[in-house]
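Chain A is fixed; fit chain B onto it per the hints.
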Amino acid sequence: MASEVKLPRLGQGMESGTIVRWLKSEGEAVAKGDPLYELDTDKVTQEVEAETTGVLLKIVVADGEVDVGTTVGVIGAQDEDVSELLAASQGGNGGAPEAEATAAATARTAETPSGSEPQSAMGDSAPSAGRTGERVKASPLARRIARERGVDLASVTGTGPEGRVIAEDVDSAALLAPATSTAPPVTTAAPATPSTTSEDIEVVELTSTRRTIARRLTEAWEAPVFQLSVTVDASELVATRERLVELMREGETKPTVNDVLTRVVASALVRHRPVNAHFSDGRILRYSSANVGIAVAAPSGLVVPVIREADRKSVQQIAAARADLVSRSREGKLKLADLEGGTFTISNLGMYGIEQFVAVLNPPQVAILAVGSIEDRAAVLDGGLVIAPTMTITLTCDHRAIDGSEGAEFLNTVKSYVESPALAL
Amino acid sequence: MPELTYREAVRDALAQALREDESVFIMGEDIAEMGGSMAVTQGLLEEFGPKRVRNTPISEMAIVGSGIGAAIQGMRPIVEIMYEDFLTLSMEQLVNQAAKHRTMSGGQVKVPLTIRTQGGAGWSPGAQHAQQLEAWFVHVPGLKVVFASTPEDVRGLLWSAIYDDNPVVFFEHRTLYPLKGEVPTELEPIPLGQARIHREGEDVTVVATGRLVHEALTAAVAAESEGISVEVVDPRTLLPLDEETIVGSVRKTTRCVTAHEAVVRGGFGAELAAVIQHGAFDWLDAPIERVGARFAPLPFAPAMEQWVVPHAEDVLAAIRRTVARS
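Taken in sequence, the protein lines are chains A and B.
Residues in the first sequence are numbered from 0 upward in steps of one, following numbering that gives the first Met the number 0.
Residues in the second sequence are numbered from 0 upward in steps of one, following numbering that gives the first Met the number 0.
In case anyone wonders, no lab produced these hints; they're calculated from the structure.
Note that the structure is predicted; figures quoted are calculated from it, not measured.
Virtual Cβ for every residue (Gly too), placed ideally from N, Cα, C.
Just a few of them, taken from the derived set where beta-carbon distance is under 10 Å, the chain B residues facing chain A:
hint: 1; residue: 253
hint: 2; residue: 279
hint: 3; residue: 280
hint: 4; residue: 281
hint: 5; residue: 282
hint: 6; residue: 283
hint: 7; residue: 284
hint: 8; residue: 320
hint: 9; residue: 325
Cut-off 20 Å, straight-line C-alpha distance, at most; resulting in silico cross-link-like pairs (EDC-like, lysine to aspartate or glutamate):
hint: 10; chain 1: A; residue 1: 136; chain 2: B; residue 2: 281
hint: 11; chain 1: A; residue 1: 332; chain 2: A; residue 2: 48
hint: 12; chain 1: B; residue 1: 251; chain 2: A; residue 2: 170
hint: 13; chain 1: B; residue 1: 251; chain 2: A; residue 2: 147
hint: 14; chain 1: B; residue 1: 251; chain 2: A; residue 2: 167
hint: 15; chain 1: A; residue 1: 414; chain 2: A; residue 2: 381
Here chain A stands alone, though its shape is the one from the complex (with noise of 0.2 Å):
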């Protein structure tokens, strides 16, 4: 008996995924546990396993964007007849046929507006085959205008019901883009653009990854932020890290600086709850365990995932953690559930040389902490000038949850753990 792959919901709020390529291909076995495709959602690109054992009869959708619970692929026994059961689930993915029985009609006229039938939407659901990317939503209309004076449908923002491109719409576009050298001339005054020609410009269509970037940290702007920054002795960390260095046994993960600092920054926050906190749904909710996320660069773009209880693993644990996150992020083989539940963030740019510099919130978490380069600086001991090793480190907070007594607090706390680790145990 042939099943079908649908797509999964790999966490909350996930709606919808982006198949980026097919592990096996059709006719191949699969073995339940074999990884069978590629899956690019929101937050991390991951690869997602076969539930069944069987022979992959048929890739329904070979790459694209697609909502949770459509069928993808159907795998069972070699040169099974799937066609009957493919003719069900495109019922199921899009345009059901409509039940003909006299209840289903009956009830179906008695939802619908006084005296008239919705229209079908089977067009704005038919696959878009031969072309890349999401089918845009726009009117006949709105498309003949597009293409006679050259706007891009896919950079018009729609009006109409259901985000659909209407024709004032692509006038609008019309005005304010340059016209491209196919189209007609533009005859109304546009505004002056740059004199670039499109061979000028590099378009980089975003990955899921980056428009997720770029919802979320515009999000991050509404918050009302302030900034602390403190400069500390960084001797300690050094010098801690490199006694446990030492102490490494053979296949454990070397520590970093950065390691150290993630797991006293820890025990900062469940000392200073407010710190490790969401704000979210207008509510503030701390946590009594630390979530630490750290941020990696990853090809794709930033992500941020998580080591998870940091204030209860050692530094070595946090190491192997954090080794483990990191090279996965840039295989971008990350999981949802790695990106999820952090309670605080932690971005280090120390290794490019930065002295100092303000994170953005990473909401819903209240604060983030900068973490800026390791440098021997002139400080000031005991009345005396002597040369150092200092970092300034750099706390962004929500002001809607975060007072600027309890951020600094907070940030004392850390100068204490970071200058005399031992604190932090």
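Structure of chain B alone, referenced to chain A:
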């Protein structure tokens, strides 16, 4: 210009044809002494006598069949089917005979027969005396189908139907009979296949038939107060259809609502929508909306009946949907 009711306008066309043309006669159930169940033929027996104003037995098959025979023999009969619901009883004669003879005989015979009938809800006639079945006949090649909505139109179109050499199914709407309207002093024939633009507008075209023409005009006034400019077009002849006027109107307004009292499913609005999407595809800025009755046998209870059939507010709601924004 004189003013006539829709009923008087039908009667006037019949009387003038009877007066001027010996080949014209009318027949139907209770149309003579009683003047027809809708009082359309009142007084005609007195003027034209029982040979030209003929009562028939209660058999729609016989009424249409004898009309076909008379037409083939050179007469221009006008038969009345009391309720269009009863057309179902004459389908064999209408569909298999009247519609076919001219082409099957290679043009040797013509069937210049007019079948007048009426229907429509609004007065609690129940499920069997108020249907709107015009779409059934639009599906039959060889017939012509007319649905008039004003006194002027009904008089001018009936004249053209009588003098068309093909069988014409001529629909009147029950609730329009008392409707008054100006008509030309002299009867002016209105060619079949010519739509009428009742009102010009810029934003959306409502293509409406029968009673819904008036509901659409009411809706158009309401829409105007909301800043929506509505054009109202009545095809008047459903077969042949004036596609040029209708498509032209939608190309201008870029949006369309179809409206009739018949149920939406498989209704004439579906045919209109198909014609319009094909002819005006690149001009459409919104899905075509269809307004019609809910898909149910018409209830007898007045409140339920009113709920089932469409009104001006339903047309207005559809108009709003075509110009809606998310």
